[in-house]
Amino acid sequence: MRRYEDRKNVQAKAYYSDRFYKAPHIPRLDFKEDEVFANDVESIGSKFEIKKAYIECEQLVVYIKPQDIVGVMRHLKERLNYNFLSELSAIDWLAKSGEFEIFYQMLSTKKRKRMRVKYFIKEKDAIPSVMEVYKSADWAEREMYDMFGIKILNHHYMKRLLMPDDWHGYPLRKTYPLHGDEEAQWYEIDRIFGKEFRDVIGPEQRDSAKIVKTDTHNFSRIGHEVPFGAPYSEKPTQNDYQEEEGIPIVRKLSKKDSKILKERP
Amino acid sequence: MQKVNRLRPFYENLVFEREDNRMIVNFGPQHPSAHGQLRLILELDGELVTKAIPDIGYLHRGLEKMAENMIYNEFITATDRMDYIASTSNNYGFALAVEKLLDIEVPRRAKVIRMMLLELSRITSHLFWLATHALDVGAMTVFLYAFREREYAMDLFEEYCGARLTHSAIRIGGVPLDLPKGWLEGLEKFIENMPQNIADYEGLLDQNRIWKMRLEEVGIITPQMAQDWGCSGPMLRGSGVAWDIRKEEPYELYDEVEFDVPVTDECDSYGRYKLHMQEMRESLKILKQLIPMYKDTPPEIMAHAPKYISAPKEQIMTQNYSLMQHFVLVTQGMRPPIGEVYVATESPKGELGFYINSQGDPYPYRLKLRAPSFWHTSILQELLVGTYLADVVTIIGNANIVFGEIDR
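Listed in order, the protein sequences are those of chains A and B. With the working numbering as the guide, the letters of the first sequence map in order to residues 102 to 366. With the working numbering as the guide, the letters of the second sequence map in order to residues 718 to 1125.
Here chain A stands alone, though its shape is the one from the complex (with noise of 0.2 Å):
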């Protein structure tokens, strides 16, 4: 029988689980232990809807409802001290529930507190721009954009930003493998020859280990160098280097009058 392949997440999986294992829960502790975090939990739930809210690893979580994104950011950076948003994504859970969970970390220097924001959307849903809450977010969600095909409404400048403007599909899905699409295999030879060439300069050697020692166009062999791309010789290439006949400016050279230092001078 062929064997299962899961289309929908093509990253690397263990290849061996022992059945009876399950892996244990960071634990996620009450919100109401911190009181800050408490604070903040009540100041943001007084004006919009909080799905979930705890604190892992010493920093809070609240979920809210995607279309309020803009407005708690306002919140946050207004009323509650949340000076930076340090960093923004997205994960894929294509695979599991067709969503994208997007977060974003926030940090108050003046409270000496790290939260982060998250919620859900569908594969296709567009998310507002927090940019004019938050100038910082302006290439994350650039990058974003690029890494998963998140569309973001409002934004100033949507175009890639880390990949080139005519790629194809969007790297950090788990549906994109690690080795590319064939586009990604293709990319070069497709613009800068055309699609017909591919046949004729063929696939790339992507094994970064291999060596032909008879190549002399992309190896050169030590002790016996040649010209490039000059038929590959077994006579050894002369390394001391000096002029025949030239100006005895330096010295010929040789390992056993040299001096080799103890230590730096």
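A few of these clues could be false.
Said to hold, decoys possible - Derived SDA-like pairs (lysine to any residue); straight-line CA-CA distance at most 20 Å:
| # | chain 1 | residue 1 | chain 2 | residue 2 |
| --- | --- | --- | --- | --- |
| 1 | A | K214 | B | E983 |
| 2 | A | K123 | B | P1054 |
| 3 | A | K219 | A | Y164 |
| 4 | A | K363 | B | E876 |
| 5 | B | K782 | A | R108 |
| 6 | B | K1012 | B | P824 |
| 7 | A | K336 | A | K363 |
| 8 | B | K817 | A | E159 |
| 9 | B | K817 | A | I156 |
| 10 | A | K212 | B | L780 |
| 11 | B | K782 | A | P278 |
| 12 | A | K219 | A | P278 |
| 13 | A | K109 | B | D1078 |
| 14 | A | K212 | B | G957 |
| 15 | B | K817 | A | L130 |
| 16 | A | K123 | B | D820 |
| 17 | A | K223 | A | K275 |
| 18 | B | K1005 | B | R867 |
| 19 | B | K782 | A | Y277 |
| 20 | B | K1005 | B | F976 |
| 21 | B | K817 | A | K336 |
| 22 | B | K782 | A | H280 |
| 23 | A | K275 | B | L780 |
| 24 | A | K178 | B | P1054 |
| 25 | B | K817 | A | R129 |
Don't read these hints as lab results, they were simulated from the structure.
With chain A fixed as given, assemble chain B onto it according to the hints.
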């Protein structure tokens, strides 16, 4: 996109004539003072920048994707390639995040060694920054001097872990090696010589007319701007916001050593230059305090957590269960508990954060790298507008950006 015809060259770098008399210039991606592969699309009115669009991604290697396909220990060597000027700080940021996830405590000696390496890499990074920044602005001598001292610091790294740039000198749960014999003496010598060297750089630059003219009141970041754009590290403290993660959310033994956090409210490039010099002095102060601390620590250097971390080598070689566990950890990898962490550390460039979402598998489900330079590059689109073309070089050099961690 213009179709490239190999026979007819086209000038993609310049748009000579526009109706409003503006010129578009492509600064980079290959430019000696772009500090890597930064492409800036600048709209110029004469020599005044009226619009700037930074374009990145030329060094993108997909580290986050790679992390999802690697076991945790494998990824440490990949983090070296982020901020390759001070790679120990990346190793450390990742190791600390995983340790937080696993909830394990690192032995005291490992903590001291880690702090030594971290502060040493901070000095190396600042020296490199000073050297290249001065070279961009036109001071060749400082470049040579600073690289000489950096070489001594790199020697120490080489002696400790065998590598000069990509250290991988920190493991999840501790450090791989104890300090070699004679290393502390080398460090003491380094600490002894360094203050004089820093004074030398300052002697060359502080009152230098050209240096002052090119740095003073160039690249002004107001405190509000710094906060809005998510600046951190010297870029933030240069704007008068006193926030150093080592001080505010102490990790390792930073709460046991005494050091000051230099802050300046000058907000310009010159202020940030003075800040970097002061930070090197503070790092030396920390290093000095660490030497006696090292001497009275117990000899353990790796945490004891058999579920996640291999036993010491002697034990693996002599005891069957340790060997079996080691085999499982190497071939399959550790399986941390389900949950997510975001851990921020103060790297030489700013807040280096690792967000890890673990689903109990040997591979992280999602790993997000928060690299400080990324945010310091995004501020350029606002910072460069209104400056002169010559100042662009100063501002980029001053921001201390490294493309390994911007593009990841």
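Hints and how they fare:
no.: 1; hint: A:K214 to B:E983; result: 27 Å, violated
no.: 2; hint: A:K123 to B:P1054; result: 9 Å, holds
no.: 3; hint: A:K219 to A:Y164; result: 5 Å, holds
no.: 4; hint: A:K363 to B:E876; result: 14 Å, holds
no.: 5; hint: B:K782 to A:R108; result: 17 Å, holds
no.: 6; hint: B:K1012 to B:P824; result: 14 Å, holds
no.: 7; hint: A:K336 to A:K363; result: 35 Å, violated
no.: 8; hint: B:K817 to A:E159; result: 10 Å, holds
no.: 9; hint: B:K817 to A:I156; result: 14 Å, holds
no.: 10; hint: A:K212 to B:L780; result: 33 Å, violated
no.: 11; hint: B:K782 to A:P278; result: 9 Å, holds
no.: 12; hint: A:K219 to A:P278; result: 26 Å, violated
no.: 13; hint: A:K109 to B:D1078; result: 17 Å, holds
no.: 14; hint: A:K212 to B:G957; result: 17 Å, holds
no.: 15; hint: B:K817 to A:L130; result: 16 Å, holds
no.: 16; hint: A:K123 to B:D820; result: 18 Å, holds
no.: 17; hint: A:K223 to A:K275; result: 15 Å, holds
no.: 18; hint: B:K1005 to B:R867; result: 18 Å, holds
no.: 19; hint: B:K782 to A:Y277; result: 9 Å, holds
no.: 20; hint: B:K1005 to B:F976; result: 11 Å, holds
no.: 21; hint: B:K817 to A:K336; result: 58 Å, violated
no.: 22; hint: B:K782 to A:H280; result: 10 Å, holds
no.: 23; hint: A:K275 to B:L780; result: 15 Å, holds
no.: 24; hint: A:K178 to B:P1054; result: 33 Å, violated
no.: 25; hint: B:K817 to A:R129; result: 14 Å, holds
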